[in-house]
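The primary structure of each chain is shown beneath.
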Amino acid sequence: MQRLFSALLRWRFTTVILLLVLVAIASSGARHLNFKNNYEIFFDDDNPQLQALERMQQSFSKSDNLLIILAPPADRTLTPETLSNLHWLTEQAWQIPYSTRVDSITNFQHTFAEEDDLVVEDLLLDPEGLSADDVKRVTAIALDEPQLKHRLISEDGAVVAVNVTLQLPEEDPNAELQQVVSAARALSEEITSRQPELTVYLTGIVMMNNAFSESSIDDASTLIPIMLATIIVLVGLLNRSISGTFATLVVIITSITAALGLAGWLGIYLSGPSASAPTVILTLAVADCVHILATFNQKLRQGEARDAAMQHSLQINLRPVLLTSATTAIGFLSMNFSDSPPFRDLGNIVAMGVGVACLLSLTLFPALLALLPVRSPGPGSRGSSLMQQLADWVIRRQRRILATTLLLVAGALALLPLNELNDNFVEYFDRSVPFRVASDYSNDHLTGLAYMEIELDSGSAQGISDPAFMGQVEQFARWLRQQPETVHVQTLTDTLSRLNMNLHGDNRDYYRLPDDREESAQYLLLYEMSLPYGLDLNNQINVDKSALRLIVNFETLTSLQLIEMEQRIGSWLATNAPAINAAVSGPPLMFAHIGQRNIISMLTGTLLALLLISATLALALRSVRYGLLSLLPNMAPMVIGFGLWGLLVGEVGLGLSVVSGMTLGIVVDDTVHFLSKYLDARRQQGLNAEDAIRYAFNTVGRALWITTLVLGIGFMVLAQSSFRINSDMGLLTAATIVIALVMDFLMLPALLLFMDRHRTTAAARNPQPL
Amino acid sequence: MNRPLLSLAAILLLLPLPAAAATLPDDGGRGLEIAREADRRDQGWGDSESVMRMILRNAHGDSSERKIRTRALEVQGDGDKSLTIFDEPRDVQGTAFLTFSHALEPDDQWIFLPALKRVKRISSRNKSGPFMGSEFAYEDMASFEVEKYSYRYLRDEPCGELTCFVVESYPQDKNSGYTRLLTWIDQAEYRTQRIDYFDRKGAPLKTLTLADYQQYLDRYWRPHRLEMVNHQSGKSTSLLFDQIRFNTGLSDDDFNKNSLKRVK
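If you read the sequences in order, they're chains B and V. Under my numbering, the first residue of the first sequence carries the number 702, and numbering increases by one thereafter. Under my numbering, the first residue of the second sequence carries the number -16, and numbering increases by one thereafter.
These are computed hints drawn from the structure, not numbers from a lab. Remember, it's a predicted structure, so these values are computed and weren't measured experimentally. Where is the CB? At the ideal position from N, CA and C, for every residue including glycine.
Taking lysine to aspartate or glutamate pairs in the EDC-like style, the calculated list, with each CA pair at most 16 Å apart, reads: (1) V:K50 x V:E32; (2) V:K103 x B:D1207; (3) V:K100 x B:D1216; (4) V:K157 x V:D90.
Pulled from the structure, derived: some chain B residues nowhere near chain V, Cβ distances all over 12 Å: (5) S944; (6) G968; (7) P1135; (8) L1348.
One chain only, chain V, in its complex shape (with noise of 0.2 Å):
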């Protein structure tokens, strides 16, 4: 009897966030002028590698350890291409990933298996899961690209001791696991501060805190502690750099299918 009634709400329920969010006042693209000069500042960086560590825990405590190097090469007018090498755990040394991505079709990407000798393209639409069984998703660690989202300004607030930008992002991809992001950018430096993430449902998933920022050549800025705090599991992964080098020499011979098996 009370059947439309259930049907109505089952549609307000169902209603995705975004829907929502484009019948809120414009915000003169404010949002997207905020994500260019953040992109903007950070041009022209050339190539850089990096070491990191990557720590999981779980809602018990237990934690365990990952040890990751990646090679990065920026390159103009399209997503950059990027070089992950994996250390640690034993069993996965030497295994490597080579991306090529791209703003709005699917990354392009090759691994090298070391137990198996070979190079496998994968092909796969949607990499939202988890990296390496973190709290990171692949699309979290994946190069910046403005086309990536759309964006709303919302207000500023302070952050720490900085005043922020808060902007709303809304993926374009539709496999994204997420429905939108809350980002705090800070005005001096247009660095990223935290990032709340939403599922595919609108409910908080996640809380990214950027910290620790050291500025490279006189002008990037990079973090080196980032906690990725899962609010639904309980789970945590703290990633963190112990180095970062710019100007390294690498160029795009280092980037495809034949270097991949040479990578060390």
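Only chain B is shown next, with the shape it has when bound in the complex (with noise of 0.2 Å):
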């Protein structure tokens, strides 16, 4: 090692030049990287809520949508000129790329008798010279009209939507995502300046997927920056050193395109959790760079010069260093065990990063330092007596210390299971974001973004003919609506009932369903053969017409109450429609089970990470009790860390579930250089337990509060992002590790020194020359 490292500093021009001739062969991959930024990215191909959808959607048509709404000012009615902008965009939106079926209130196909005739039209025919008659008109029909209440227009008639069904090819999703969000955008601008008090909302799957790639865009272009920026006044203030800072900078900069690079070439992709890698990577690499930095400085204001204090610097962090990146990538190599395929990808890209930034931390750094300029720096500051007076305080209360910690610990544990699992989609965007403000407002004034699509099938061809079937259906789609969650339900059922008083004379007696299934066959038959193109039963009746499709749209739920729903739903079809062969599936039910199935999933995870670390610290400690003893200090910080989310948030989802495992590899760290020191004066030193920890405090104390100092913001500010997986994950990161600094200054030597306290030292029992 010691014949590399001055090998590495006699060539250190050919050492730069080779490295970073490396990291572009490795950087150059990053041309393979794609964007994904749709839903389903988050679920593995044999997700079974996936493939169920999947499945039910190939049966009847896609569901991605795009909801377009118009809101009045508040208090404001449905004008006439509000509904003749409603006609007008309800024309243009087929216009919108790739849309398959254009739905609103004024294209409605309503049916009505006229003597013997049945007549099928638009609700709205002519949107020319609307009086307050026709607009009343058209509202009374359209608010009587279940399939139009709550879903296209609001209880008090106020506010109407638009909402477009898309069938995107998915041969390039980004720039078919991009021309229908622009499309759309420019149909709501065209609103705005036709009648500038409306206010145009757009929401939907479309502009969910929308939000995503584009949170993630904000991000990169804004989080990434600031953290460069803070990395370098924080690294320049603590160093005071501009070659340290530029060398630090250079090898952040370059572990950042190598992993990214590397996932590139390894055919990753990056999603909105997996783009939060660079922010992480930036944050971890730094740590490597700050202790080797802080040795060097620390040699060269003893006296030593330049290149021998580099080289000593090296041998003294090599071994942390490596330790600590095997730790941190450990856990992150934990997000391996995530349902959710982004989360893999991030801890993967992030391992890769940490493994880079060590080795260019070892080698790249040093030799770049030994190319700089670099003048002796001032004398140490007032860090060390702080640490000093610190560990005197320690060892003085160490009882009380520990006592302390560990009810703190307890404390939290029974702190826990107030968090409560929550992935609402909705809510994984902050009020920030469009899509968000939109669909708040759409699950305040006109229909839920909650939804489940529910495929009914009566097992035979021709069966939902069957009056038995449909009559089951009918009690269903009641029982839904009966369910205080439920906002609208869009049933078959309502549109038979409908043509069978239509085709008898528009008897209100008649509005139920027919008595026979020739009379179902036929009215749909009929009722079929009348619809214009695009608004067909396709995607409420399969093919050979033996299932049906019922959405059901809910108010906000949680992850667990959709759950629960889903229960209640599977419970009530198996008692009241046994011969039912029902499927329940869509995205919010999706995004319920992959937070619940992540969190477990995850647990296991953690628990190996952990065995995996400590096994790892037991060894390169060469101890098996201080491996052992290192679990306590290494998992309080993340018991506490959730302990107060419970208090504080209370509501867990899939970027939290990740949290665990990945802090782990990050706190640990703290722990090796704490324990390594604290061992290497027992053992090489002679010293006692409390000297050793004095000489713990002294030598490591300052580099640790600076590395957590570091973490803690850059994760903060990873804290900052608009996307809500990533800024929870963020903060609870950033607390976890802030916590996990103050456990090994105040729990790690309480510890210590209680499990230490009968035990002489080893140069004691067999003393050693000094």
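Assemble the dimeric complex from its two separately framed chains, guided by the hints.
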């Protein structure tokens, strides 16, 4: 090693060039990086809910949608002008790329009897010269129609919407999505220029997908520069060395580009969560450099020559840097237990970044510093005397500190159950994201965005015309409507009841399902023959007419409530319609399930990481005893972090389920540094426990608190993301890291003092000459 | 700040395709000529009866069959009259549609529902939706009248062993589900070989391939296998003719509201 380091410093110029070429080769893989933006990427191909949804969409039609809401000023009802603009918007929406269906109250296929005729026509045929009475007529019919109320028109008739169903070919998903979104935005601009009092809200699955990608792009363009600037200032201030700061920056940037490039070579794509990898790598890569730089400066201060100081620093830091990088990588690799691919990608990209950063900080960093001008640093700061005082205080109060911290952990354990699972995909975005604002408006004024698609299969071709089957479907729909969470139910039984009434001269008594299967089948045949392009029933009936699809909208529900609703639906159907084969799916439900599954699988992952990390520590410290002892201060921050989260926030989602594994790898670093210094003092210098604690505080205290500051700030920057998966992850990780430092400064030394109170030092038993 | 730009983009984006097509060079009436010739060659067939099957497939590969019979009567100077009788599925058996088609006004249409034992007139301006849940729209199946479209000849192109005219046509009915059609007509016998349909935003929607042409009465060519593929939904429908007969002795009396009730 020593020879390697001196060779490295001798051939500094060649080393820098060679390493930069290698980095460039790795980074060039970035051109293979793709960004994916749809919600499907959060699920594995064999995810049961995704498969159910895809199967359903192949039988019926895709349900990707865009909801364009026209919101009047407060307390204003529908005006003739708004209605005529809604008509215009409905017509124009057909021009949105990949649209296959457009629904609004104006093109709703209104059916009625006229003597012996069945009339099927748009509810609003002519938008010219609308009077207040026309608006009243249209509103009255629309509000009487269960298919429209709470879906395309609000209960008070004031808010209306156009729902556009889209079929994206998914050949170039980003470009396709962009086309749809820009067409929708252009239409919305056009509406507001026609009628400035209206506010247009855009929501639906397409806008959600778009929010995923826009949030990530926003993050990349704002958070990463903020991070870089923060790091430069922090490292510069703390080390007061321009060259050191510059070299650190080079290592950070090359680690990021190399990791992203390697990801590209491996065919990993970027998505909301994995796009936060650069921010995370940035934060982690700093630590290695800080430790090496700190020792280097210390040695310079002690009067060593530059190259000698660097060689010393590398020798001293080689083991801890390798060890902490390994544990951090293990922590992130534990994300591979996640059920959601973007988190596995995030873990793998960061692990690669950590590996590259470790390598480069031991090679590129010293070689660069050797090339740059370095002036001798000023005298050491007051930090060491502060650390000295802290050490003395901990030693004095060890019993009380140990008891307090243990109580704290126990208290936090009790708070853990306060965390409730909630993966509401609307709330993945904060209120600065237009999609969130639009969705909240929709939830408050028009329709709920939590929805389920329910396929009801009669089991035989043409079976949907069977009155027994239809009767059960109608009962089911009625039951669904009685559930307090339900906002809207789309069911073919409403259409059939209306047709039955129309074909009996609009006699209200016939607003019920037809009595026999021939009637049902023939009415449907007649109705289908009369519908215009794009407004057919193929989204509700499959080809051999054996199954129906119902779409149910709910008010905002937490994942647990959604899963509970699914179970309630399942048991109602099992009891009341055992012959019907039902499948329930839809993106909100998929997110609800994956949150739950992910927490369970991540617990396994974290546990395994914990074991692996403890084993690594035991091996590195050459002591099972200290390996086991490290478990407590390593787990305590996680427990306290989640306990506090339960107390203050209480909601855990997809993003947080991966936090435990990843923070574990980071917080363990502090323990490694502290423990290895403590053991050095005991084993090599023969100090007693108290003096060894003082030694550990003196040597690594300052570096630990600098790296914690950098890490804490780094993850706090991530916490500013508008994408809640990332911001929650950042916030909880930052908190956990800070708690970890407190634990390592208080609990760990107290624990060591307690454990080693009867132990004589190895040196005392086996005295060595000084 | 880029509001004017966005609206401009909106206008360009929303521009219907036929308007753009209108600026293309004139074909000197050749498209219309081809349509007229095709129509002329198909005149005088009198009346016919066909038995057909429709096989519907979804993106998953599930399929479902319908059985239909049609009777048709040629009407000089207006659209033809036709009677469509449903045989399968069972629960619509005996349901019959009577249609008087017109070139430009909406067709007159009556339906007999055996379950109600009544004839109902359907008043619907817009029948561009799917026929029996298939990929065929009602307008794809309705009788061909030259006046329903305007035409533009594009080019000659080989089609299989034949050479085809490729003609673009634009529906005159504003309620049509299409902005334009691309039709391949073979130069030997003026038979339609293929039609590409473009939806309201000008995007490719469906392709119809017509095959197994047979000649009747030494003059009239009829396809026996029609395949309609929807490129957007991945669904498809085959229309198979099991039998076509001409000169079956049908007359005007077989095509009115009363005959509809007695149809077998």
